[in-house]
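K.L.:
As a plain string of letters, each chain reads:
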Amino acid sequence: MSTTRRKIMSNALGMAFAALTSTILTLPAVAQNATQALSSESVIETIKKEGVIRIGLSIFSPWSMRDINGELIGFELDVGRALAKDMGVDVEFLPTAWDGIIPQLMSGNFDVIISGMSITPARNLTVNFSNPYAYSGLTVLANTAMTAGFALKDYNSADVTFAARRGATPATVIATLFPEATLLLFDEDGAATQEVLNGNAHATMGAEPTPSIEARRYADTLSVPFDQTFLATGEGFALRKGDPDALNFFNNWIAVRHANGWLKERNDYWFKGNDWESQVTQ
Amino acid sequence: MPSPKKLCWLDWLILTILVGIIGYVALRIGGTLNYEWRWELIPDYIIRYREDREEWFANLLLQGLFATIRISIYASVLALVLGTILGIARCADNLTVRLLARTYLEILRNIPPVVIIFIFFFFLSQQLIDAMNLNAWSRDIARSDAAPVWEFFFGDMRRFTSLISGVIVLAMFEAAFVGEIVRAGIQSVPKGQREAARAIGMSPGQEMRYIVMPQALRKVVPPMANQFISLIKDSSIISLISVQELTYKTVELVASTRMIFEAWITTAAFYFILCFGLSMLFRRFEKS
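Here the protein sequences come in this chain order: A and B. So the first sequence is residues 20 to 301, counted in my numbering. So the second sequence is residues 701 to 988, counted in my numbering.
Worth double-checking, as some hints may not be accurate.
[Stated by the list, open to error] On the chain B side, residues computed to face chain A include the following (Cβ under 8 Å): (1) K706; (2) Y735; (3) E736; (4) W756; (5) N759; (6) Q763; (7) A836; (8) R858; (9) I929; (10) K933; (11) E962; (12) T966.
[Said to hold, decoys possible] Stretch by stretch, here's where chain A covers chain B in the computed footprint (C-beta under 8 Å, at least three residues): (13) 722-734; (14) 740-748; (15) 822-834; (16) 941-955.
Since the hints were derived computationally from the structure, they do not count as laboratory data. For every residue, glycine included, the Cβ atom is placed at its ideal position computed from N, Cα and C.
Just chain B, same shape as in the assembly (with noise of 0.2 Å):
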């Protein structure tokens, strides 16, 4: 069916009753929300001068947006780690393990992302952290000459653990979603390819590796970089367990300045530009 590029009657109607509803809406809401906008000190949070230092500073919104950038790349190459490996357990061979990928995956589909972070948040990263003695560590770094250049890639060194457990907790959760498209992407693989390499002699892991990974990684390209963007608007949940993110800081902002609306409209500009350029990008990449 062609698709005609130009605006035809139905079109200017559909437009002229949604400006009419967005105007009534607009309208109603200026006369009930009793509301003083102070958009006027939003830039000095993003980004402001400083007399003092002399010297441009990132603020509160944009330090939040460095930190979930941050948080973002880490927890999403943790996730595709732990996602393929939960991908490949699911169409494995030995019972036990594909049973326990399938439970792993279950229990975090079928749990509130909220109550997810929690558990994994007390019982899990807390345990990891403690185990390895990181609070001390990075408070060590945080004290010495070399932290300018921990903090280009970890932020505060002192609130180091809470990033790590932010990562950590986010990727195990993300994990289950990136193995279900890495689970996916290995039984696309059509079952003569694998028969052709069985039958030349190739070993089950050199079937894996050769065969079917680099067929199946290709297939999932796509879908992973969705993954990815959800992945940056699920990191909003870590502000539960206190990291230093977006979404944290503006809580923040808004508990010491009560300019809720300012406040949260930024932010939500902040993640649409972050997910809406990257999907852009993605999508340019598909089409070379």
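For reference, chain A alone in the conformation it holds in the complex (with noise of 0.2 Å):
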């Protein structure tokens, strides 16, 4: 942190020197300077320097998970491996819990968080976001039983119940979705489905391929009832404020991949086969 504060710092002063003595200099060779600045202080250059990316993510399958051998797999490893590659650097993952994955953006313990973070106005006050890489589709894991003969429209009443992971996107949804349902929220998915299973909620929603996959393991109980997907705002990379370089070849990478249709064959990949699920639960 000190050293981002350190940098912010003396970018503010810079400023401050750069407004008092214009008036004596000319302007342009200032503005030279600052820019200067600005781009030798972005991450880009950190992560040139010191040849390895820093990536925070925390593990939601199929985003990212740990496969049968402990090792990381999923989604946004293959995103991170590549942006790796093509910057020509290393890359280190940092599995982060979820609750504390901005605050450790923020004191540098990385340097961009690729970890299914939806673009949501009160994150983007805090962090930027760059161009959305993915756009989950949500559906709806509910319980058979319970919700036998629902409409879309019953889900939102006050003797629904919905469990959904805290602070994930879902969550968010859920609350926009059905504003009159009770919303349960638990750390991880795992516990927010298991609640559904006995019976103590009704619905939970998750990005596909997993609702799915949990209908097939419980066929008895549990059932995804609308082919419908809600859609999400859209995932983007969270990177530290004030750094326009960064921001740019996050955005320019991510259209580069959009455009060649990579994006698009690994999301399928993850998202809509299953393929990779022998990787992970043998």
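Assembling the complex is the task here: the two chains are given apart, and the hints tell you how they should meet.
P.N.:
Following this line, the structure appears as structure tokens:
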């Protein structure tokens, strides 16, 4: 934190100094110094200098998870490795508890968060987001017996209970779509699904293919009642504020990978198919 | 009062009722808990044979257990040092020193550990690590040839700073309690001993070193051993700041495989074996 803060301080000092001296010095020269300072302090420069990009993520299948050998696999890992390869640096993934992921970014523990983080105004006040690199389609996973004969609007009732992971996108989407329903929050997805299984909650929401996998595993109890997916705002890389160079680089990297279809192909592999399932649960 | 080793009818009655209650609870859980048990997958996440490398390796849960053991050892050494200083400060003649030590202790005793851990992590250990530039240093080691030696002591060197901040945070937290134990030990040394030390012309430093501390330390060994065991249990809290110890690895395993109950029960068993084993060991030491 101290280095970041010092940089911000020196930046602010530099700008104040620039404002003071602009009457004496010629303006273009000062502006040039300021831009040079800005670009040399970009996280992109730090990554190049240290030869490693540090990516923060939180375990959240199928975005990122531990395989049977305890190693990290998932959509984010593919994205992170491709990003590092294009930058010509090593990659280091730092699994982090979801609650602490933004504070850890702010304190400089990693360079960028690539962890299926949805772009929300509240988060955007604290961190900068790149353009979306994925759009997760959320579906409802319901307890079949408890929601028999329910239409979509029936879920929006005070008698209906939803379960979801605290601070994650599904929780926000549920609160928006079904404002009347009661929402139970848990630390991770497994517990939320278990509540639906045990009949303590009517339904939960999640990014495909997880709801479909769970519905297959507990075919007697769970079902995915609607084909419809509910779009979140899209997921972006999160980075520290005040770094236009990094934002530009990540945006264009995502644009290129969108254009050549690579992001879609990887997205389909992890979110639509289930070829990878054997790597996780045997 | 004599304590008979033979079970009488009352013992049998209590045991029967207990078994009945446990059986009933188990039956209820079996009836209402809709859960597909997959115990057969757990051994693989403890230790597994990798076909591609043809070797056995410690998987997530065992890695986590090793990390917990490492962290507990380092943190308790650090807590012992800090705690001894704190304990001596609590009995100091200087008022400011005494008040400062008391303040530290009261603050730590009256704030929940989770909150303390977050505050220490973001405001203290983070600064310390940045100031010493530990990140770059540990990464250099991870890339060098000497990595295996370091990894034996500290685990993955790429996560070294996270381990260190975990150790610092935990030690600062436990130091308060170690300090209280040390203070109680010092104060349990009879006043006559200290007066005698002064009478033969010892300085306060000598008095502490040769007369008070040797007697005090002997008295604090049993409570200190207890504190060490409770430190192992408290170490699970630092999973919140993403230190890769047993609890954190279990969270990851649950998030990846959804084996909620199997994973947590296994982890509970690991903690129990570790702590109960140590407690038996310490008891044996105390007797001999």
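K.L.:
For each hint, tell me whether it holds in the structure or not.
P.N.:
Hint check:
1. K706: It is violated, given that the least Cβ distance between K706 of chain B and chain A is near 44 Å, above 8 Å.
2. Y735: Holds, because the Cβ-Cβ distance from Y735 of chain B to chain A comes to roughly 7 Å (cut-off 8 Å).
3. E736: This hint holds: E736 of chain B lies near chain A, its Cβ roughly 6 Å from the closest one there, short of 8 Å.
4. W756: Violated. Min distance 12 Å.
5. N759: holds (5 Å)
6. Q763: Constraint on Q763 of chain B satisfied, holds at 7 Å.
7. A836: holds (7 Å)
8. R858: With a closest approach of 6 Å, the R858 of chain B hint holds.
9. I929: violated (25 Å)
10. K933: violated (19 Å)
11. E962: violated (11 Å)
12. T966: violated (14 Å)
13. 722-734: holds (count 3)
14. 740-748: holds (count 4)
15. 822-834: That given contact holds, which follows from 5 residues of the region 822-834 of chain B lying within Cβ reach (below 8 Å) of chain A.
16. 941-955: Per the Cβ count (9), the hint holds.
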